[in-house]
Amino acid sequence: MDKSKDVQTMTDTVARFIKYFGKVLPDDVQSKLQELSEAETSPMAKLTYETMFKNQELARELDRPSCQDTGVIQFFARVGTKFPLIDELSGIFEKAVLSATEMAPLRHNSVQTFDEYNTGTNVGYRTPSIDFEIVPNSDELDVDIYMAGGGCTLPGKAMVLMPGAGYEGVTKFVLDQMTSYGLNACPPLLVGVGVATSVETAAMLSKKALMRKIGSRNPNPKAAMMEEELERGINAIGLGPQGFSGENSVMGVHIENAARHPSTIGVAVNTGCWSHRRGNIIFHSDLSYTITSHKEAVL
Amino acid sequence: MKKILTTPVSDEDLKDIHAGDVIYLNGHIVTCRDVAHRRLIEYGRELPVDVRGGAIFHAGPIVRKVDEDKYEMVSVGPTTSMRMEKFEKDFIEQTGVKIIVGKGGMGEDTVEGCVKHKAIHCVFPAGNAVLAATEVEEIERAEWMDLGMPETLWLCRIKEFGPLVVSIDTHGENLFEKNKVIFNKKKDEQYEQIIEKVKFIK
Ligand code: SF4
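As they're listed, the protein sequences go chains A and H.
Converting from the first sequence to the numbering used here requires adding 995 to each position, the first position being numbered 1.
Converting from the second sequence to the numbering used here requires adding 7 to each position, the first position being numbered 1.
Treat the hints as calculated values from the structure; they're not laboratory data.
Since this is a predicted model, take the numbers as computed values, not measurements.
Some hints here could point you the wrong way.
Quick list of in silico lysine-lysine cross-link-like pairs, DSSO-like style, CA-CA up to 30 Å [what the hints assert, rightly or not]: (1) K209(H) to K9(H); (2) K1167(A) to K9(H); (3) K1049(A) to K1290(A); (4) K1167(A) to K193(H); (5) K1167(A) to K185(H).
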């Protein structure tokens, strides 16, 4: 096997996939937006949804990124220990971002901290962000790729509650973010909540919750019930598309959890905007791939 | 029926427009954001584009150079208007701008400026940058290019630019502030309902 050729092929595939999902929303987001638009009654809300659909059509037709903020690119990879390019993966992801930045083109969204200059490539110190989970005895790579826009990143927040605050405190924490920052994050939102011990464990889970398919539920029945309750409750607030007010507020609420220290409840919230640009692609050991997020995708 | 305004607009044109209305715009709009506001208000420099009766857009676009001195709008979306709150009242007073387009609501001072000088603030639904770009017929001029692509004043000729949701009208009505009160009230009600069901720590 010619490794450098394989690396090149895979880099190209990932770059083309990034470009693709920068203009075409994933299937679950598309159908959820459709469903939410049909529930609206006010002309203002209806028109906002129509505008979104028209924009997505134009983006496809004119081959341009659908929103000008193409975000910071983030990778959440579950990689099999026997995946042939496991050693090259970080480099592949980085080069794919470089290439997609030119090809799409993506906006330049990587500012080096402290030195405070834009690299102009979307690659900077520890950016794109890459998270690896190791899967023993697998020869596949299953990766979620996400464009984290500025507007929808802004509502992110994490804190550690005392156990006395309970899940009631978690509820308040999430709801408060919705009516303050959520409003400007381009609703309808996808809301990710992490419940764990500390800020970083909760925060990472809250972001991974946004990678889940809309409509999926936490396997724990109580957590699933809380997802439904929060979803119902936030929808009842009626932020509507763009915060103009309407029948609903969110595309969904996803909770991811981990066991906690008896003395703390770490909680975090992360939001995705209506233009929730994420893709899932699975590479097999022969580097053939399956795109699960966009059924019709042709790269 | 689409409500379409054409720049320059008069006080009369804006009289019957209310927060929550949807309008479209013909004529011209110029992109104008953080540094341009600062230059005018803090450094007293004159805006190189006359916006009396006209429209400004809080936006940082992606623009493509097609020829010597000729540019094409690739993608343009609104940016958070609140960042300009500090300057907008004075900006309205000094420039005579009538329509301010951006994202999200604006505050008390802008409302005051809008009432006093008969101007409005509108929201272009964000995330729709391709649609907005196709409603720009031509970039006629570019000023203050030393500010870089996002901050340059791009003077655009526009056709049925919108939808624009009116967030502040000339009567002092503020859509987002009004909504916020309602949202917060509903949030408190929902909180009371949800906590009854999530008492997992017994
Ligand atoms: S929040 Fe999302 S849709 Fe809105 S401007 Fe940012 S990236 Fe675009």
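Hint check results:
{"no.": "1", "hint": "K209(H) to K9(H)", "in the structure": "violated (57 Å)"}
{"no.": "2", "hint": "K1167(A) to K9(H)", "in the structure": "violated (41 Å)"}
{"no.": "3", "hint": "K1049(A) to K1290(A)", "in the structure": "holds (20 Å)"}
{"no.": "4", "hint": "K1167(A) to K193(H)", "in the structure": "holds (13 Å)"}
{"no.": "5", "hint": "K1167(A) to K185(H)", "in the structure": "holds (22 Å)"}
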